[in-house]
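J.: Spelled out from the first residue to the last, the chains are:
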Amino acid sequence: MNCQDIKEELVAYLDDELDPDTRAEIEAHLESCAACRAEREAYTATLQAVGKLAAPGLTPDFKRRFFRDFDDAQRRPPWILRPLTLAGAGLAAGALVLVLLLVPGQPARQAKVDAVIASHLELFEDYEAISNLDVLEDFEFIQAMDDEV
Amino acid sequence: VFHQDERDHEAMTDSDAELMLRVREGDQAAFRKLFTSHAGPLMGFVDRFTRNRAVSEEIVQEVFFKVYRARKKYQVKAKFTTWLYTIATRTCYNELRRGVHKRKVASLDQREAREPPARDASAQEQLEGKRTQERLDHILDGLPENQRTAFLLVRFGGRSYSEAGEILGLTHSAVKSALFRATDAIRRGLLDPQTEGSV
Numbered sequence: 001m002n003c004q005d006i007k008e009e010l011v012a013y014l015d016d017e018l019d020p021d022t023r024a025e026i027e028a029h030l031e032s033c034a035a036c037r038a039e040r041e042a043y044t045a046t047l048q049a050v051g052k053l054a055a056p057g058l059t060p061d062f063k064r065r066f067f068r069d070f071d072d073a074q075r076r077p078p079w080i081l082r083p084l085t086l087a088g089a090g091l092a093a094g095a096l097v098l099v100l101l102l103v104p105g106q107p108a109r110q111a112k113v114d115a116v117i118a119s120h121l122e123l124f125e126d127y128e129a130i131s132n133l134d135v136l137e138d139f140e141f142i143q144a145m146d147d148e149v
Numbered sequence: 150v151f152h153q154d155e156r157d158h159e160a161m162t163d164s165d166a167e168l169m170l171r172v173r174e175g176d177q178a179a180f181r182k183l184f185t186s187h188a189g190p191l192m193g194f195v196d197r198f199t200r201n202r203a204v205s206e207e208i209v210q211e212v213f214f215k216v217y218r219a220r221k222k223y224q225v226k227a228k229f230t231t232w233l234y235t236i237a238t239r240t241c242y243n244e245l246r247r248g249v250h251k252r253k254v255a256s257l258d259q260r261e262a263r264e265p266p267a268r269d270a271s272a273q274e275q276l277e278g279k280r281t282q283e284r285l286d287h288i289l290d291g292l293p294e295n296q297r298t299a300f301l302l303v304r305f306g307g308r309s310y311s312e313a314g315e316i317l318g319l320t321h322s323a324v325k326s327a328l329f330r331a332t333d334a335i336r337r338g339l340l341d342p343q344t345e346g347s348v
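As they're listed, the protein sequences go chains P and C.
Count the first sequence with our numbering and you get residues 1 to 149, in order.
Count the second sequence with our numbering and you get residues 150 to 348, in order.
Isolated chain P, as found in the complex (with noise of 0.2 angstroms):
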């Protein structure tokens, strides 16, 4: 390597980013070469004042913030969303299902029913225990939280 290519590569050196024998080949090189030790030490030089900027860390305002906003980001979808919208689709579907049973008449009324429920079977099995599902683990989570705060 002439001194271009060692040029070049210095700043890998400096940290220590090179293959062992590129690393002995450069050291080599230094130790002969008068002007790529001073370039070595112009970077050197640059990258400690790099290194001098103050890094901005985290404020305690910050780090409650986030948490604040964390701790309401995880209550808001499952608290609302998804029990509300299966508590819509039961609703519905009972509605639905009591409309047909309370109209009076024809044959066919029952065998509607019936197949309402069925299509809905899951719903009407599950509701109680999905409904209340992401409630019992946002429970757990908010409890766990506060036993650390």
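No wet-lab data here; the hints were simulated from the structure.
All of these numbers come straight from a predicted model, not from anything done at the bench.
There's no promise every hint is true.
Each pair of labels, with its calculated beta carbon distance range [unchecked claim]: (1) C:273 x P:34: 33 to 39 angstroms; (2) C:189 x P:20: 29 to 35 angstroms; (3) C:278 x P:65: 26 to 32 angstroms.
Note that the Cβ used here is the ideal one computed from N, Cα and C, for glycine as well.
Given chain P, work out where chain C should sit, using these hints.
T.: Quick look at chain C alone, frame taken from chain P:
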């Protein structure tokens, strides 16, 4: 073929990935630990990217929310930090495209312009540091996007060349070249300010 179970097993040697696997299984305390460990260093990277504290806080929050929302899809394909900084880099790019931070930077600059001048030695050092930052930002602005981002990931995000390469879709050699060119430009701009115009 590298199966998911094997990847998960390998993650046990990466404590962050192990924590993320626990988050995937619903462990909220593990998520808090990941945030506490990584939000600070991530802020260092994002803040240099946006140069606006308020926007940086929004981005860091959004990144961790994205991590949490994606928890069930998490797979151990790379180090957790590679995944985290990939999300952060994309979020920063999106923010840049939206141009929101530029408006806020302008308002922040106006606020800083009203601050009284530094009087004592420590304030003088702070002022000097601020000038160095401004020169660095000016130099970074003149760099191609990949050089700039690679530089920020390595110098302020603490990522290795290999990790920066994975995040940016570059080879180790390309990252090495980007880092050299960025550092060389900064060297000329910081140590030889008279040549800054040539950067």
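J.: For each hint, tell me whether it holds in the structure or not.
T.: Taking the hints in turn, this is what the structure says about them:
1. C:273 x P:34: 33 to 39 angstroms: At roughly 36 angstroms between Cβ atoms, residue 34 of chain P and residue 273 of chain C fall inside 33 to 39 angstroms, so the hint holds.
2. C:189 x P:20: 29 to 35 angstroms: Since the Cβ atoms of residue 189 of chain C and residue 20 of chain P sit about 33 angstroms apart, the hinted range of 29 to 35 angstroms holds.
3. C:278 x P:65: 26 to 32 angstroms: Roughly 27 angstroms apart at Cβ, these two residues keep to the hinted range, so it holds.
Violated hints for the displayed structure: none, as all numbered hints are satisfied.
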